[in-house]
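Whenever a hint applies, use it, and build me the whole structure from the sequences.
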Amino acid sequence: MKRLYTFLTIFVLFSLVLTACGTPAPTTQPAAPVGGAPVEAPTDAPVTLKMVAWDISTTPYWQAVIDAYVAKNPNVTIELIDVSSAEYQDKVNIMLSGGDESDIITVKDIPGYSAMLTRNQIIPLNSYIETDGLDLSAYSGAAEELTYEGSIYALPFRSDIWILYYNKDIFDKAGIAYPDNDMTWAEYEDLARKLTSGTGADKVYGAHHHTWRSTVQLATVQDGKNTVIATDYSFMKPIYDMIVGMQKDGIIMDYGSLKAGSIHYSGVFKNEQIAMLPMGSWFIGTMIAAKNAGEADFNWGVAKFPHPEGVTAGTTAGTLTSLAINANSENKDAAWDFIKFYSGVEGAKALAKTGNLPALRTAEVLDIFASLEGVPAEATEALQTVTVRLELPMHPKVGAVEQILNEEHELIMTQSVSVDEGIASMTRRVAEALAE
Amino acid sequence: MDAMQFTHLNKTASGARRKTLTQNLVAYSFILPNLLGFATFTLIPMAFSLVLAFMHWDGANVVTWAGLDNFKELISDETFRIALGNTFYYVIGTVPPTMLASLGLALLLNQPLRGRDFFRTTFFFPYVASLVAVAVVWNMLFHPAMGPVNQLLTALGVDGAPRWTASVDWAMPTVIMASIWKGMGYYMVIYLAALQGIPSYLYEAAEIDGANAWQKLRYITLPMLTPATFFVSIMLTIASFKVFDLILVMTGGGPGRATNVLVIHTYNMAFRQFRFGYSSAIAMVLFIIVLIITIVQFRLEKRWVSYM
Numbered sequence: 001m002k003r004l005y006t007f008l009t010i011f012v013l014f015s016l017v018l019t020a021c022g023t024p025a026p027t028t029q030p031a032a033p034v035g036g037a038p039v040e041a042p043t044d045a046p047v048t049l050k051m052v053a054w055d056i057s058t059t060p061y062w063q064a065v066i067d068a069y070v071a072k073n074p075n076v077t078i079e080l081i082d083v084s085s086a087e088y089q090d091k092v093n094i095m096l097s098g099g100d101e102s103d104i105i106t107v108k109d110i111p112g113y114s115a116m117l118t119r120n121q122i123i124p125l126n127s128y129i130e131t132d133g134l135d136l137s138a139y140s141g142a143a144e145e146l147t148y149e150g151s152i153y154a155l156p157f158r159s160d161i162w163i164l165y166y167n168k169d170i171f172d173k174a175g176i177a178y179p180d181n182d183m184t185w186a187e188y189e190d191l192a193r194k195l196t197s198g199t200g201a202d203k204v205y206g207a208h209h210h211t212w213r214s215t216v217q218l219a220t221v222q223d224g225k226n227t228v229i230a231t232d233y234s235f236m237k238p239i240y241d242m243i244v245g246m247q248k249d250g251i252i253m254d255y256g257s258l259k260a261g262s263i264h265y266s267g268v269f270k271n272e273q274i275a276m277l278p279m280g281s282w283f284i285g286t287m288i289a290a291k292n293a294g295e296a297d298f299n300w301g302v303a304k305f306p307h308p309e310g311v312t313a314g315t316t317a318g319t320l321t322s323l324a325i326n327a328n329s330e331n332k333d334a335a336w337d338f339i340k341f342y343s344g345v346e347g348a349k350a351l352a353k354t355g356n357l358p359a360l361r362t363a364e365v366l367d368i369f370a371s372l373e374g375v376p377a378e379a380t381e382a383l384q385t386v387t388v389r390l391e392l393p394m395h396p397k398v399g400a401v402e403q404i405l406n407e408e409h410e411l412i413m414t415q416s417v418s419v420d421e422g423i424a425s426m427t428r429r430v431a432e433a434l435a436e
Numbered sequence: 437m438d439a440m441q442f443t444h445l446n447k448t449a450s451g452a453r454r455k456t457l458t459q460n461l462v463a464y465s466f467i468l469p470n471l472l473g474f475a476t477f478t479l480i481p482m483a484f485s486l487v488l489a490f491m492h493w494d495g496a497n498v499v500t501w502a503g504l505d506n507f508k509e510l511i512s513d514e515t516f517r518i519a520l521g522n523t524f525y526y527v528i529g530t531v532p533p534t535m536l537a538s539l540g541l542a543l544l545l546n547q548p549l550r551g552r553d554f555f556r557t558t559f560f561f562p563y564v565a566s567l568v569a570v571a572v573v574w575n576m577l578f579h580p581a582m583g584p585v586n587q588l589l590t591a592l593g594v595d596g597a598p599r600w601t602a603s604v605d606w607a608m609p610t611v612i613m614a615s616i617w618k619g620m621g622y623y624m625v626i627y628l629a630a631l632q633g634i635p636s637y638l639y640e641a642a643e644i645d646g647a648n649a650w651q652k653l654r655y656i657t658l659p660m661l662t663p664a665t666f667f668v669s670i671m672l673t674i675a676s677f678k679v680f681d682l683i684l685v686m687t688g689g690g691p692g693r694a695t696n697v698l699v700i701h702t703y704n705m706a707f708r709q710f711r712f713g714y715s716s717a718i719a720m721v722l723f724i725i726v727l728i729i730t731i732v733q734f735r736l737e738k739r740w741v742s743y744m
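Sequence order for the protein chains is G and E.
Going by our numbering, the residue at position 192 of the first sequence is 192; the numbering climbs one at a time, nothing skipped.
Going by our numbering, the residue at position 288 of the second sequence is 724; the numbering climbs one at a time, nothing skipped.
No lab work stands behind these hints, which were simulated from the structure alone.
Backbone N, C-alpha and C fix where the C-beta goes; we use that ideal spot for every residue, glycine too.
Hints should not be assumed to be uniformly reliable.
[What the hints assert, rightly or not] Anything over 12 Å on all C-beta distances counts as not near chain E; from chain G, calculated:
hint	residue
1	44
2	223
3	242
[Claimed, not checked] Under 10 Å between C-beta atoms, here's a sample of chain E residues computed to sit facing chain G:
hint	residue
4	515
5	637
6	640
7	643
8	689
Here it is, written out as structure tokens:
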């Protein structure tokens with residue numbers, strides 16, 4: 001017994017010591033008004049900037065834009081820190097919580113952005129933008145999407161929208177006209193049903209929905225009446241009914257099989273197992289590379305994302321990839337100069353040359369993209385947008401809501417619950433999470 | 437006179453005490469290097485987590501006092517209840533079958549069989565194999581459409597074979613099977629060592645008394661193995677409560693929340709939603725559960741474990 005007391009005493013002492021030194025310690029940079037006026041002309045002193053990004057070996061544009069920057073600023077060295085894209089945000093969160101001193105943080109998605117800015121791990125860029133007189137309207141709305149309580153914490157450099165990819169050879173063989181740029185989801189389903197043929201290893205599926213929640217839920221928020229953070233999810237029913245119906249009838253591949261086999265959408269498209277694929281515009285670059293490498297020996301095209309009845313064609317959902325400055329960075333001014341370049345016209349041109357869509361889309365930049373070898377002729381038209389909605393809105397609870405939606409999506413798609421049950425469960429659980 | 441004797445005695449007593457102290461210090465200095473590492477990487481984080489359970493912390497901003505808020509929230513957290521249930525499901529599904537399987541293997545591979553060493557290595561192999569590789573292979577084996585398991589079942593005429601990890605009902609059994617397969621080799625080695633420690637004269641004496649194989653197993657082998665069984669049951673129970681990596685790779689806690697266990701929930705809360713205080717509270721509940729079960733196991737030890 002006596003030993004137990006000694007143990008407990010030591011334990012309590014330990015805890016007290018830790019509370020004592022733990023409380024004031026956390027790094028609370030109250031979003032310091034960025035140190036004075038930003039340096040105008042870049043100084044010639046050598047600077048090394050560290051930039052956190054994902055999948056460096058398979059993502060050509062990181063280095064392409066860096067090379068363009070370094071050519072103009074030979075005193076700057078940019079060091080890329082590679083993180084796997086699958087666990088990018090988790091890893092970055094842990095790095096930043098541990099006081100990592102990288103200078104530039106690539107922001108992959110809105111939940112990650114939201115998490116970093118509410119925890120003051122990235123700094124507001126407003127004072128830099130004012131000093132340099134940057135015109136944010138050039139980003140056609142993207143900058144507003146990133147503004148939170150009057151401050152913007154990242155500049156967008158890449159912006160992808162959702163479009164429809166199709167295998168021209170499969171359409172030709174079936175004698176069906178290619179999808180046009182004004183197609184409703186109902187027409188899409190009809191087309192998919194017509195294109196499905198064969199059995200076993202020769203089976204061709206009319207369409208393909210990857211296991212991401214967004215491949216189903218984007219269509220439900222396209223009309224702009226709802227966002228995925230809602231108090232009632234019944235608006236998702238029609239699209240879920242359609243997709244689950246297509247899955248039951250074997251028009252699209254089975255969700256459970258895709259998940260258990262970790263099957264990537266690029267594989268099934270390249271193997272000509274699917275006729276149509278709703279996917280982000282980043283897949284254009286992948287397909288060009290695949291064709292050059294001889295992995296995809298067929299003709300493919302792109303069309304505008306299908307839309308719900310009564311919504312204008314060209315309404316789609318998009319994602320923003322942006323750059324932010326770490327609050328712990330010791331080279332904030334140099335980092336800003338780099339970010340400004342990366343997101344600006346020069347960076348956009350370099351990015352477009354690698355087959356990716358920059359956030360800054362001037363006519364000149366789009367021309368560079370469209371004239372790239374391998375970009376389908378239809379791309380120019382298909383990439384014209386009327387309205388682009390963010391996949392996930394800015395919200396402090398977006399992480400918690402996303403987890404719930406992912407879980408319920410999985411239950412609906414594995415047909416563990418009916419569409420109605422799944423949607424009722426989303427409504428109830430999200431309401432509870434938002435109320436906390 | 438008396439007084440003098442007393443001083444003398446006192447002197448020897450303090451001398452002895454000093455000697456004990458020196459001896460203790462020497463001993464402590466031997467364990468110090470290990471203790472330092474243990475304290476830095478295990479004890480201090482544990483204590484920190486204990487304190488955090490009573491705090492609100494998002495990993496970056498100021499820590500604020502939460503009192504019992506985190507624990508109150510546990511009561512109303514549906515995912516926590518599901519994860520708690522799933523954890524017990526996993527532990528109960530894993531511990532007894534793994535013990536039986538490893539004991540059976542050890543008994544079998546303790547016989548003078550042909551290729552005995554080969555089989556011992558084979559069964560031990562999963563334990564040293566990379567867990568991620570094991571999880572991926574199991575996912576392929578149990579793939580609902582293309583997996584060899586379901587193809588075999590279909591060929592045998594089974595209609596509507598289970599959809600394994602893609603099914604809410606079968607996901608946990610699939611994970612449990614993978615876990616038994618991966619863990620049994622290690623516990624088999626412990627049982628094998630214990631089997632070889634049983635003196636052969638016991639069996640010889642039993643044979644002279646006319647005992648058959650079953651009686652030898654029942655009255656000699658099993659009682660002599662109780663210390664090993666006790667060790668295995670404690671290690672295995674603790675390991676099962678802590679399950680994380682296998683589930684994360686195989687199902688990610690899904691479908692839905694079907695395989696979400698306490699450690700997965702802790703991880704999600706801490707590193708996905710940045711609620712370090714709340715996740716520490718979950719971890720503390722897990723710690724208390726494991727502590728209670730281990731204490732109970734030790735209490736019951738005297739009733740069934742025999743040390744010869």
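Hints breached by this structure: Result: hints 5, 6 and 7 break, sorted rising.
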